[in-house]
Amino acid sequence: EDQVTQSPEALRLQEGESSSLNCSYTVSGLRGLFWYRQDPGKGPEFLFTLYSAGEEKEKERLKATLTKKESFLHITAPKPEDSATYLCAVQAGTGNQFYFGTGTSLTVIP
Amino acid sequence: NAGVMQNPRHLVRRRGQEARLRCSPMKGHSHVYWYRQLPEEGLKFMVYLQKENIIDESGMPKERFSAEFPKEGPSILRIQQVVRGDSAAYFCASSQQGGHGYTFGSGTRLTVV
Chain A
33 EDQVTQSPEA LRLQEGESSS LNCSYTVSGL RGLFWYRQDP GKGPEFLFTL YSAGEEKEKE
93 RLKATLTKKE SFLHITAPKP EDSATYLCAV QAGTGNQFYF GTGTSLTVIP
Chain B
193 NAGVMQNPRH LVRRRGQEAR LRCSPMKGHS HVYWYRQLPE EGLKFMVYLQ KENIIDESGM
253 PKERFSAEFP KEGPSILRIQ QVVRGDSAAY FCASSQQGGH GYTFGSGTRL TVV
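Sequence lines, in order, name chains A and B.
Using our numbering, you'd call the opening residue of the first sequence number 33 and step up by one each time.
Using our numbering, you'd call the opening residue of the second sequence number 193 and step up by one each time.
Okay, chain A solo, but in the shape it has when bound:
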């Protein structure tokens, strides 16, 4: 069965303290890996799509990377406004659905 696992479940960082979030997946025929940000009471907000191993995408303080088994979301010098739950999802095979992980809840302390 296709699976997406995110770690850690929760992460507390001091402002400016860089770290990485992990998303490991076991799927057949990866078509894309997606990162979303979700704030409390809101829908997921799209961040990045990665399609093949070795690909990297950057946006402000965030950088996403992809290998054949996992993806990392690197957060450089985070600010309190980066506090949110970060979701990873994969699309695989011929299906239309995304398989989501349970997310990493990030708290950045001023």
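No lab work stands behind these hints, which were simulated from the structure alone.
Check each hint, because a few of them may be wrong.
[Claimed, not checked] The calculated lysine-lysine pairs, modelled on DSS-like cross-linking and capped at a C-alpha distance of 27 angstroms, are:
#1 LYS263(B) <-> LYS95(A)
#2 LYS263(B) <-> LYS236(B)
#3 LYS219(B) <-> LYS263(B)
#4 LYS263(B) <-> LYS243(B)
#5 LYS95(A) <-> LYS74(A)
#6 LYS95(A) <-> LYS111(A)
#7 LYS91(A) <-> LYS74(A)
#8 LYS100(A) <-> LYS111(A)
#9 LYS236(B) <-> LYS100(A)
#10 LYS74(A) <-> LYS100(A)
#11 LYS74(A) <-> LYS111(A)
#12 LYS91(A) <-> LYS111(A)
#13 LYS95(A) <-> LYS236(B)
#14 LYS219(B) <-> LYS236(B)
#15 LYS74(A) <-> LYS89(A)
#16 LYS243(B) <-> LYS254(B)
#17 LYS243(B) <-> LYS74(A)
#18 LYS236(B) <-> LYS101(A)
#19 LYS89(A) <-> LYS101(A)
#20 LYS219(B) <-> LYS254(B)
#21 LYS91(A) <-> LYS219(B)
#22 LYS219(B) <-> LYS74(A)
#23 LYS236(B) <-> LYS89(A)
Dock chain B against chain A, hints included.
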């Protein structure tokens, strides 16, 4: 340029009642997806629709749940005879083409009392 619009934002139903959740996709998007998010769980796929067609309903419970996306108007997710276990956040997403990145709405939070 409105995004994906869902209403209502919050819905309270007594056990046995019906719940109707609405979703208007982004302008120009003809593909609609419904997901359910239970507390402490990830988003789970329910159904994928295009105008007047259900493309993939493999994630829909076999009973009490139905979805439609008519030629005119929003997509509707309908839950009949709701039970406490149906309490969750229901998210709709849309895309311009099938199989590409989604844009999500803000969700409908259903509480069954």
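Outcome of the hint check:
1. LYS263(B) <-> LYS95(A): Violated, because 40 angstroms separates the two Cα atoms, which is more than 27 angstroms.
2. LYS263(B) <-> LYS236(B): Cα-Cα ~26 angstroms, so holds.
3. LYS219(B) <-> LYS263(B): holds (14 angstroms)
4. LYS263(B) <-> LYS243(B): Answer holds: LYS263(B) to LYS243(B) is near 6 angstroms, not above 27 angstroms.
5. LYS95(A) <-> LYS74(A): holds (23 angstroms)
6. LYS95(A) <-> LYS111(A): holds (15 angstroms)
7. LYS91(A) <-> LYS74(A): holds (21 angstroms)
8. LYS100(A) <-> LYS111(A): The hint is violated at about 30 angstroms.
9. LYS236(B) <-> LYS100(A): At roughly 23 angstroms apart (the allowed maximum being 27 angstroms), LYS100(A) and LYS236(B) satisfy the hint.
10. LYS74(A) <-> LYS100(A): The hint is violated at about 31 angstroms.
11. LYS74(A) <-> LYS111(A): holds (20 angstroms)
12. LYS91(A) <-> LYS111(A): holds (14 angstroms)
13. LYS95(A) <-> LYS236(B): Holds: LYS95(A) and LYS236(B) sit about 26 angstroms apart, inside 27 angstroms.
14. LYS219(B) <-> LYS236(B): holds (25 angstroms)
15. LYS74(A) <-> LYS89(A): Satisfied, since the Cα-Cα distance of roughly 24 angstroms is no more than 27 angstroms.
16. LYS243(B) <-> LYS254(B): holds (22 angstroms)
17. LYS243(B) <-> LYS74(A): holds (26 angstroms)
18. LYS236(B) <-> LYS101(A): holds (21 angstroms)
19. LYS89(A) <-> LYS101(A): Roughly 17 angstroms separates the two Cα atoms, so the pair holds.
20. LYS219(B) <-> LYS254(B): Outside the cut-off at roughly 31 angstroms; violated.
21. LYS91(A) <-> LYS219(B): holds (26 angstroms)
22. LYS219(B) <-> LYS74(A): OK: LYS219(B) and LYS74(A) at ~20 angstroms, within 27 angstroms.
23. LYS236(B) <-> LYS89(A): Answer holds: LYS236(B) to LYS89(A) is near 26 angstroms, not above 27 angstroms.
Going down the numbered hints, you'll see the structure goes against 1, 8, 10, 20, while the others check out.
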